[in-house]
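Chain order of the listed sequences is Y and V. So that you can map any letter, position 273 of the first sequence is 273 in our numbering, and since no number is skipped, the others follow by simple counting. So that you can map any letter, position 201 of the second sequence is 593 in our numbering, and since no number is skipped, the others follow by simple counting.
Honestly, I wouldn't trust all of these hints.
Derived pair list, reagent style DSSO-like, types lysine-lysine, alpha-carbon separation capped at 30 angstroms [unchecked claim]:
no.	chain 1	residue 1	chain 2	residue 2
1	Y	K25	V	K552
2	Y	K345	V	K552
3	Y	K144	Y	K340
Quick caveat, the hints were computed from the structure, so don't treat them as lab data. If you're wondering where the values come from, they're calculated on a predicted model, not measured in any experiment.
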Amino acid sequence: MRTTLYFIFLLATLTVLSSCKKKTKDEDTFIKIYDEPDGNKRYFPIAIAPSSSNDGYIVLSARNGWNIHLMKIDLTGELLWKRDLPDNYVNAVPSIIQQNGQNYLVCMDAVGLFTYLLKIDESIQNITEVTSFSSILYPTYACKTGNALYIQNYNRTSYQTEIHRISADFSSIEQSGAINILTDVEEKIVNHISYLGKRIPFSVTTTKENNYVVMNGFNNYSFSLIFLNPDLTVSGVYNGAGFNGGVAALSSLGSNQFAVAKFDYDHLYLSGKTPLNPTTIDITASISAQGNPELDSNKPVVFKDITVNGTAYTACLSSTRSNQLLLQFFEKSSGSLAGKKYLGKNVPITGNDFIQTLDEGISIVAQVKIMGSFDRIALMKLSKDQLNEIID
Amino acid sequence: MIHRLLAILICFLCIQSSGYAQNYSVHRAKKIYLGLAGGMTFSGAHVVDRYSVAVTGNPENTEKEYGPFFKNTGALFGLYVSYSVTNKIAITLQPSYQISKLNYINAYSWNDSVSNSAKNIELLSRQAIGSIYLPISVRWDFTTRQFSPFIQGGVFFDFKTNASKTIFFDDVIDSEVDVDQANRTESADISPHVNTFNFGLNAGLGVSYFTNYFALTIEGNFNYGFRSIVSDQNRYADYSGFTTQYLDVLDQLKLYRFQLQLSLMFPIDNSISLGILRKRRH
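Based on the sequences and whatever the hints tell you, model everything.
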């Protein structure tokens with residue numbers, strides 16, 4: 001009898017102890033796929049940013065090719081509102097610009113091909129037109145670093161890749177630069193903005209010291225990585241292997257060190273830290289990086305700075321050939337791999353962008369083909385604890 | 393069918409009347425019984441919170457429809473241990489391996505007006521959770537006769553050992569999926585999605601037939617688990633591969649079960665004569 005009572009007491013103690021578990025909140029970790037019954041619609045998410053009121057996220061997507069779709073979701077991934085922009089606004093570049101707590105996007109006029117800068121106004125769940133730049137045709141990328149907004153575009157008349165620094169109030173062009181392509185690449189540009197075939201990894205960023213503008217674009221019969229001085233004159237270049245090789249993504253680590261992803265036909269190479277000379281003329285094939293045959297070179301690669309448990313890492317999001325996303329964390333000091341995680345299973349999936357959330361997790365926006373049929377927007381949220389588990 | 397029921401009833405009456413005819417009383421105080429038990433379980437889910445992967449703007453479109461309680465049949469088998477404190481009151485411990493099953497249906501539909509095509513899919517998700525079930529109950533027999541009805545109540549502890557899931561699907565949305573004809577996935581392990589430990593209350597009633605050398609018990613028990621059975625932390629971890637492929641994620645549930653079991657128990661005693669059955673003096 002006494003033994004039985006002891007046994008019951010032990011079980012009761014175990015019960016209480018096992019009940020004391022840290023509760024997971026709904027916003028800690030989730031997967032959401034934004035679906036609708038209209039099978040005509042195809043979505044390709046291209047950027048995610050915190051909302052201006054920090055109560056959710058803004059997701060920018062392409063709809064049915066070059067049309068634009070906006071949506072706001074709350075911290076648990078539930079949809080707050082969505083908006084298909086009017087058909088005259090097309091070709092949103094894959095970045096959301098943030099200034100003074102507001103979000104902006106850069107896109108193109110469907111007929112005139114010139115550039116718009118639109119403000120995402122959450123109070124009216126719509127956009128308002130801020131500026132249009134009639135001289136900037138075929139915008140391909142936009143980036144705001146510090147106080148400077150840069151817009152990259154293709155000049156179809158002069159066969160040049162152009163870059164423009166926009167004034168702080170977004171009203172005018174302060175400085176422009178141009179790089180000769182020497183051949184017409186308009187067909188490639190049209191396929192890119194129409195989402196036909198592989199998307200071209202255009203990008204603009206600056207070095208950590210803000211002493212160079214680093215641009216990925218067409219140059220001299222190739223797709224190249226171009227270093228520009230602050231006055232937007234060319235400082236150095238790494239030429240791609242024609243249009244079949246080049247840099248897929250890049251992040252400045254400071255002191256001329258960069259995290260780089262480069263592609264060469266259907267091979268993708270990654271390096272968490274490699275030196276690049278901003279004043280050299282070289283080829284992208286000479287950039288030191290390790291090949292990874294499981295990664296799909298036709299899908300985007302994204303580098304961003306992430307903090308896990310107080311330590312800064314360079315996070316890299318890429319997509320594998322076996323329908324998974326690969327999230328890797330590289331040490332900033334050495335560039336070595338600190339941890340990795342595969343996400344997704346069994347469905348075609350393309351990772352397009354990610355951000356670090358206020359609760360120190362990560363939100364990843366991806367395109368998934370649900371039921372093997374419909375291209376939809378997916379959001380994957382990883383919690384802070386899950387990131388801690390990834391890092392060795 | 394009627395003849396079969398009549399035959400069972402006649403056997404029952406014969407056994408009971410033979411018990412009365414022999415006029416024995418049961419003296420099992422301080423006796424320990426050890427035996428085997430087996431039976432069926434019927435499981436049901438109390439939905440605490442609903443979750444879905446698909447966000448459509450209309451939450452009702454993605455709600456799951458759970459199968460009726462009596463259709464979620466599983467099994468249990470294990471041991472029966474009891475210690476009779478008095479002739480009418482006993483403490484029982486019935487460790488067993490138990491399989492609890494849960495089913496739910498949901499459906500999705502798309503219409504493509506450009507290509508004039510529609511796609512429908514109706515999904516029947518079947519979960520099977522295996523666990524070591526450990527109920528500790530106090531049993532009160534109403535009589536000391538050989539045929540003794542009883543009630544019992546107590547607590548239980550449940551330790552999950554394994555969990556699996558299979559999805560059957562067809563393309564007709566009619567709130568039912570014929571598992572014999574529908575397509576199906578492979579059975580996937582969902583153990584990381586299910587919490588390991590649960591506890592709760594159980595209560596039941598039954599009837600035992602005592603002889604000098606064994607006892608046979610038929611009983612029905614109902615139990616309700618207090619802890620939620622799905623891991624909040626791992627809900628979206630997609631260990632099964634079904635989350636993005638079939639837009640499937642488990643709701644937060646509490647489990648209740650009804651168990652129907654038959655037990656065969658043997659008294660444990662060192663004396664030569666057990667003396668459990670003794671002639672009634674009056």
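Each hint tested on the structure:
no. : hint            : result
1   : Y/K25 / V/K552  : 23 angstroms, holds
2   : Y/K345 / V/K552 : 25 angstroms, holds
3   : Y/K144 / Y/K340 : 29 angstroms, holds
Against the hints set out earlier in the document, no violation occurs for any number.
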